[in-house]
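Engineer: Listed here are the chains, written in short residue letters.
Number of protein chains: 2
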Amino acid sequence: MSEYISESTDFKNSVGIVKTEFFHFADSPDELVLSNGFRLGPIDVAYETYGNLSEKKDNAILIFHALSGDAHAAGFNSADEKKPGWWDIMIGPSKPIDTDRYFVICANVIGGCKGSTGPSSINPQTGAPYGISFPIISVKDMVAVQKKLIDYLGIEKLHCIIGGSMGGMQALQWLVSYPKTAKGAMIIATSPKHTAQEIAFNTVGRYSIITDPNWNNGNYYGKSLPKTGLSVARMIGHITYLSEEAMTRKFGRKTIENKTGREEFGQLADFTKEFEVESYLQYQSESFIKRFDANSYLYITKAIDNFDASDGYTGLSEALKEVEAKCFVLSFTSDWLYPKEQSLKIVRALKINGIDTSYANLESAFGHDAFLIDDERLKKIFAGFLCSIK
Amino acid sequence: MSEYISESTDFKNSVGIVKTEFFHFADSPDELVLSNGFRLGPIDVAYETYGNLSEKKDNAILIFHALSGDAHAAGFNSADEKKPGWWDIMIGPSKPIDTDRYFVICANVIGGCKGSTGPSSINPQTGAPYGISFPIISVKDMVAVQKKLIDYLGIEKLHCIIGGSMGGMQALQWLVSYPKTAKGAMIIATSPKHTAQEIAFNTVGRYSIITDPNWNNGNYYGKSLPKTGLSVARMIGHITYLSEEAMTRKFGRKTIENKTGREEFGQLADFTKEFEVESYLQYQSESFIKRFDANSYLYITKAIDNFDASDGYTGLSEALKEVEAKCFVLSFTSDWLYPKEQSLKIVRALKINGIDTSYANLESAFGHDAFLIDDERLKKIFAGFLCSIK
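Top to bottom, those sequences are chains A and B. Letter by letter, the first sequence follows residues 0 to 389 in numbering that gives the first Met the number 0. Letter by letter, the second sequence follows residues 0 to 389 in numbering that gives the first Met the number 0.
Calculated directly from the structure, the hints in this document are not laboratory data. Among the clues, some could well be false.
All copies of an identical chain are treated as equivalent in the list; a pair is satisfied when it fits inside any one copy or across any two copies.
[Unchecked claim] List time: in silico DSS-like cross-link candidates among lysine-lysine, alpha-carbon distance up to 27 Å:
{"hint": "1", "residue 1": "K320", "residue 2": "K253"}
{"hint": "2", "residue 1": "K339", "residue 2": "K249"}
{"hint": "3", "residue 1": "K344", "residue 2": "K249"}
{"hint": "4", "residue 1": "K182", "residue 2": "K379"}
{"hint": "5", "residue 1": "K350", "residue 2": "K81"}
Take the sequences, apply the hints, and build the full model.
Structural biologist: The structure is reproduced here in structure tokens:
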């Protein structure tokens, strides 16, 4: 998701102050066996919950975050936090994912850098960060870890699972891995597997990171960070999250004064800042590199590229055969990263199995990031679908 | 253009061995005054010609190359050159741009690195390469230099001007700058001005170059080159030149054995090579950095981003008011970098002025690079249009 989404909600309408919690498991010798056979442990999972779990434990909704997201989906981690969690417009009292009614859970994925075990975590065997000795993880592993968390919370069946983008992949994988454990599923702006073009964009981002001299084979913790590599990766991602229309509306060909004052660039000074969109991309990437770990970017994009919901099955419909959830698949007209055809593959695979599935291709100018935008139609879809799950 | 275009034609059917020639002008104190007021001189222009200029000098066709192109559009520069010029499929005896009939000229743009004066050229005042002391150049300056060449060759009126992508911008700018000097114009897969998204892609490429430590404020000649920065820029460009469909057909999700043998990457080894498309992008960019100068990439992409054919006019139709050429505008269905709407803006502006204009949106799976593909329909369009010019 991009910082383009700057919708802020006020404290009063939010879930208020929330504390990120940690679930610890997979201590030696009970490490988690990953889908590629490697063993990973111990594992910490950073997660947040909003609302109260009912006595019957039947009102839980699990939210999966996107590539650059984290467990902090709603409310404020402290009284002086300026922006609420990344989906605060959607999660809270009387909001579409209504915390007066539902118990909402969001966990940081493994491989991430926001509290869950990832390449920047300390490898207990060496006392140093894993770096690239961290095993390759898959979307399947991400949801396996979240299933452990759900088990730990004593929840047998979720009211709904919801995710957009990489979160949608996790929702889809959850349906494949644990088809009988969710009553509802919202699969948003995503794909059952990446196309060559989607892989290509991530490839450039990864290449840019690993060729940054500061990357240093992943051993940069406590040293100079591979900032420019990660910046470039983020810029590329960012372009793919926005539609041409949204960019044209927001920036067009507007230019700004060159504020860099970088006289050493001579005639070239305006190579770095001239069009507003140039300045914007630079600003966004500078903000991103402060909050994200380059190795996590490598591991997570690789998991996304490797993801194929039908892995181990003859096809997607066979993979989804056992699903008991009522499903909603959602795409956006201007999302050129995950165009509607990719959502329709999911819809067809679900329908072939007779699964109760709704689909919408929502008219939107905001591109891939549309699911993060404050949009009344979107809110109605969410509230309506969650109510319809019996 | 991309190396994806590997169509080779045999020697017999080509214009044979051609020598790149050089036109020298703008010696002190008669430097060329650029559109931004800076003076540049002396200027060398590398160009090639194919076929013979008629006595009346009325059979000349000027070809404009794209971002990464050069003057070598057809034939072979030596008997052992493996691949012919970049548009050999189109230019030659009995080919659509028929050298038995037409005198074809192609010149490397200024700012380039293939023989024409650019940032890698020696600044006679310092005896060292210009680097970033080279003045910012515009598409208008590129065609102004080519007009000098045409004057030097004694040609008053061109039979046709032809260009795709950045070449199309030059063709359009030629019509604005010298509206009475071409009888025909083919404007292919281009735009009258870049959108924010098109600027954004170039921005990332430039950012990637200038943040490469080897870029060294443009002073890298004779030292380590900013290879990784230029590689990343090329990879991004490359993705935008291909359609999703072309990439899917060519690569899909095919994987290859990791041939890097880079064991130091540990688990990460397959971050660099795994999917075929990853390996392909790396291979292509490695080939590109051997033949292209990073500073030229900066200057030329900036010229493209700054280009606005209506600059100095109330609009595009006013800019094209004086055009006397018969025009053909061509776009491709799968070109998502320059979608048909951008070509249609050109068509409308020409038609408003009552200019004889044809337009086609050719069904093609090859994306932006479609004009470089060996395609019978394309060849017929070219041959037919060139014949129709009276």
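Engineer: With identical chains treated as interchangeable, where does the CA-CA distance between K320 and K253 reach 27 Å or less: within a copy, between copies, both, or neither?
Structural biologist: Between copies only: 26 Å across, 51 Å inside.
Engineer: Indicate which option fits the pair K182, K379 if close means a Cα-Cα distance not exceeding 27 Å: within, between, both or neither.
Structural biologist: Within. Shortest intra-copy distance 19 Å satisfies the 27 Å Cα cut-off; inter-copy 59 Å does not.
Engineer: Given identical chains, is K350 near K81, meaning Cα to Cα at most 27 Å, within a copy, between copies, both, or neither?
Structural biologist: Classified as neither; 43 Å inside a copy, 53 Å across copies.
Engineer: As a check of your reading, is K339 near K249 (CA-CA no more than 27 Å) within one copy, between copies, both or neither?
Structural biologist: Both: 24 Å inside a chain and 22 Å across chains, each within 27 Å.
Engineer: Which holds for K344 with K249 at a C-alpha limit of 27 Å: within a copy, between copies, both or neither?
Structural biologist: Answer is between: at 21 Å across copies they meet the 27 Å cutoff, but 32 Å inside does not.
The structure is inconsistent with hint 5 alone, although it conforms to all the rest.
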